[in-house]
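Work out the full structure: start from the sequences and follow the hints.
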Amino acid sequence: MADKPSDLVQGTLDMLILKTLALEPMHGYGIAVRLEQMSKGVFRVNAGSLFVALQRLQRAGLIKSEWKATENSRRAKYYALTEPGRQRLNTEKQEWGRQAAAIARILEAS
Amino acid sequence: MSLRRNITSGLRSLLRRKQADRELNEELSGFLEMAAEEKIKQGMSRKEARRAVRLEQGNIEVTREVVRSTTWESSVETCWQDLRYAARRLRKSPGFTAVAILTLALGIGANTAIFSLVNGVLLRPLPYRNPDRLTMVWEKGRDGSPQNVGYATYLDWKSQSKSFEQLAIYSSWQPVLQAGGEPEQINGLRVTSNYFRTLGVHPEIGRDFLSEEDSPNTNKVVMLSHSLWQRKFNSDPSIVGRTINMSAAQYIVAGVLPASYQSLMSQDPRGGTVEIWRVLGYDVSQPWACRTCHHLIAIARLRDGVSIAQASAEMDIISAALTKAYPKEYDDAGVIITPIREQLLGPASAPLHMLLGAVCFVLLVACANLANLLLARATNREREVGVRTALGATRGRIIRQLLAENCLLGMLGAAAGLFPAYWMPRALAIIGAGDLPRLDQIRLDWRVLLFTAGVALLTGIVTGLAPAYRLSKTELRNCLQQGARSSANLSSSTLRGILMASEVALSLTLLISAGLLLRSLSRLLVVSPGFDPAKVLSMQTSVLGQRFSDNKIVRQYFADAVERLRALPGVPSAAAASQIPLAGNMDRYGFHVEGKIHANPEEDPSAERYCITPGFLDTMRIPLLRGRDISPSDTSTTQQVLLVNETTARRVWPGEDPIGKRVKLGGLDKPWWTVVGVAGDVHHVGLDAAPDMQVYVPHRQWPDPDRSMVFVIRTAGPPTAISSAAQQAIHSIDPAQPISRIVPLENYVGLSVQGRRFASILIGVFASMALVLSIVGIYGVTAYTVSQRTREIGIRAALGAQRAELFRLLLHQGMLLVLCGVVAGLLASVAFTRLLSSLLFDVRPTDPLTFATVVFLLVGAAAAACFFPARRAMRVDPVVALRYE
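Residue numbers (numbering that gives the first Met the number 0), protein chains in the order written: chain L, 0 to 109; chain P, 0 to 884.
In case anyone wonders, no lab produced these hints; they're calculated from the structure.
Among the hints, erroneous ones may be present.
[Claimed, not checked] Coverage of chain P stretches by chain L, computed from C-beta distances (three or more under 8 Å per stretch; other residues unrestricted): (1) 2 to 12; (2) 17 to 26; (3) 30 to 44; (4) 51 to 58; (5) 64 to 74.
Everything numeric in this text was worked out from a predicted model, so none of it was measured.
Note that beta-carbon positions come from the ideal geometry of N, C-alpha and C, so glycine has one too.
This is the structure in structure tokens:
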């Protein structure tokens, strides 16, 4: 069971993308790979949901994009966090922490 | 912030659609390439890696669609696609498109035209500040009718009432302006100094009237309208403060009103618009300022928060107290307060609403027609829809696509329909709109455009909804079968039948309404005005100058003028009168009969007064029924005599001989007049109003002879041919006298029915449009049904059915529907025509002749529309019919 990729918890993809981009600007494929690596293969995002999410975040002004050359000298669109995006990531992180702790407390209650 | 960003980036990708697509493509394929490279690094071959990535990520086309479809601009795009597809389809069937657009253009065009009329006349705000706080204030007559007020009453109202922020009065005034060329009589009002403050209108240049100017012995000040200022004073701003000459007196110009302000107080087409205002300048000591001198009209601005009902309650109390204090000077207690809107626009609203209703009917008929066309087309489109459904289109998507087509049709129809609205003002100038106020304000503005767009969209959706819904329910299996018969034939033929019957019903209702109005008009046109207006020229004149302060000179002047006119070649007779019938004049005097005077003389009747020179009856060809006419020998030194009309004789002296009876006119302190003759009734107010009491007094005997008179000149040839000779004749006595309103009497008679003629002609046009549309509709439906049944007819004929039987079979269905429509239409007409009763004259709303004629006409036309397609079907050879399809 554990080696099969899981579906993301509803609404968390945006937060995870923001977190990925908080480290450094990244292109779409890079984000997907990074998510998979960081979750140790638990989350695998397909291109459809990823680009829909990127489009949504960009429209909301949380990330911005720019065409740049990759290390393999291929042209790719790099996404970077904006200041509102950084703030949003912080509030979402705190909220997630609170909720996760609360859920954990409920589950561990005996 | 993010909404704005969403919109702007959406717009950007809409406008640079190709670039946005390319970027998304590049990004997605880059993604896949990178994924593949990763797998190659892990040891897969390039081919295997690509395959693995495709398996993982699915179809790239689908992914791209998914990403694109989440944005708002993509739905705009699909709409645009739908519209382009619709345009392509419409272009492919130009016949259908032309018929549909023409049908809609008729329906929508009629609506736009009438709405632009309603918009200009009724919907545009009145040119006053907060016009809904403005009211008219009337004394209540014994019969409950609103009546003008006297100056003394006004002063009491003003000082005692608390409901009004301002209370002002006005009366009409026709000065002769001596500036910029020939002396000219213009329309004016005498108003209290607070008149413009009451209306909330400020002069554009100069100042408003001052309250200290509102008394008899101060400078006379006037306000000019913008148009008069342009016309007579070349828009010279220095005119303010200067003196101008009018009617032999001097007036100081206080200010000029803005161009946006057009007076609505005089909307009689015969009177023209008001162009000058003068301070009333009354004083209670003046004899014409009395309580019974009912010649002033009051307007008021309600205080904030005071309703009309509250103001009425307060005014009723004040009026009751006044009636108690002056029992002989008031007819009855009570005050009537009406919104100014009702006063100014009320008379116009009934015919306009009727026209609006009529064009709605036309539009509904057009919609039904178009829906029928679309239903017929829908049957042919089942295959197309079936294929689309098979390819995965949802029902909503198909409905949307079909509606896009209809909305496009609606918009095209509306574009064509805007032309009538654009030409409306010109069209009105041709047919004449009677007494509709504010006609110059009709134009295409945003309200009209919005209305048209709304009507077009609604029409598109309404007409398309039924066929679209039916199509979207198309059974896939049925329609993909080769040569399958239309699957939902039953429901769509029922729908077609209902549409056709309702078209008939709507047209019938409209035709009956038009018939009733046209019959009223024809009844009205045969009403004799009581005089013979043919070949009579009328012209208005006022005497002015210091020498005319002598009554003797005034009398002599008019006697001389009439003599000179009579001496003209081709003039059998001429005379002058203080007013003439049907010309919009209004001059009534209390009529106090010896021996029949009421305790309160205010309750005595009143009569229209004509102050005439001898020969007036003869020139007008008003019959003298009894006694003698006024003659030149009735002078200031002989017995004072007058003529009464038939109605007066009948009402005042029933069963008695009126000759020799004595009456006083306009107050008990006046002298006695002796009746010497009875003249025929004339229609003074309008052909549709019953003649009232009328008296004729000799100009030579009237104590204060009228200085403003109308000449009537009977001519042998066309009356206008004499006009310049007639003016020269007058000017040969005194070249300084102004002559205005040189109008053949027939024109006044025409003007008095023009409003009615306008409404009747328009509704007649609309009814004919509805008739034509529904006949076309009936023809279309019958032709379609017949063509669907060609095979059946062939079989029946082959099996030996007689032609006559087949014919009956085919006609039967169509005529049954028509009859259903007729019955529904008759019921609707009985309900609707009652609303018309105020517009009818001498015709009952359920006039059987009109109903019968219209039903006959419509059924006949419908029968013809059914007959021709059926006959064509009968001519088909059975062999051909069997091979058909």
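Each hint, compared with the structure:
1. Counting residues of the stretch 2 to 12 of chain P whose beta carbon lies closer than 8 Å to any beta carbon of chain L gives 4, which meets the minimum of three for the stated coverage.
2. Counting residues of the stretch 17 to 26 of chain P whose beta carbon lies closer than 8 Å to any beta carbon of chain L gives 4, which reaches the threshold of three, so the coverage claim holds.
3. With 7 residues carrying a beta carbon less than 8 Å from a beta carbon of chain L, the stretch 30 to 44 of chain P meets the three-residue requirement, and the given coverage holds.
4. Remark: the stretch 51 to 58 of chain P is confirmed as covered by chain L, as 3 of its residues place a Cβ nearer than 8 Å to a Cβ of that chain, reaching the required three.
5. A count of 4 residues in the stretch 64 to 74 of chain P with a Cβ less than 8 Å from any Cβ of chain L is obtained; the coverage claim is therefore met, three being the minimum.
The structure fails none of the hints (numbered hints given earlier).
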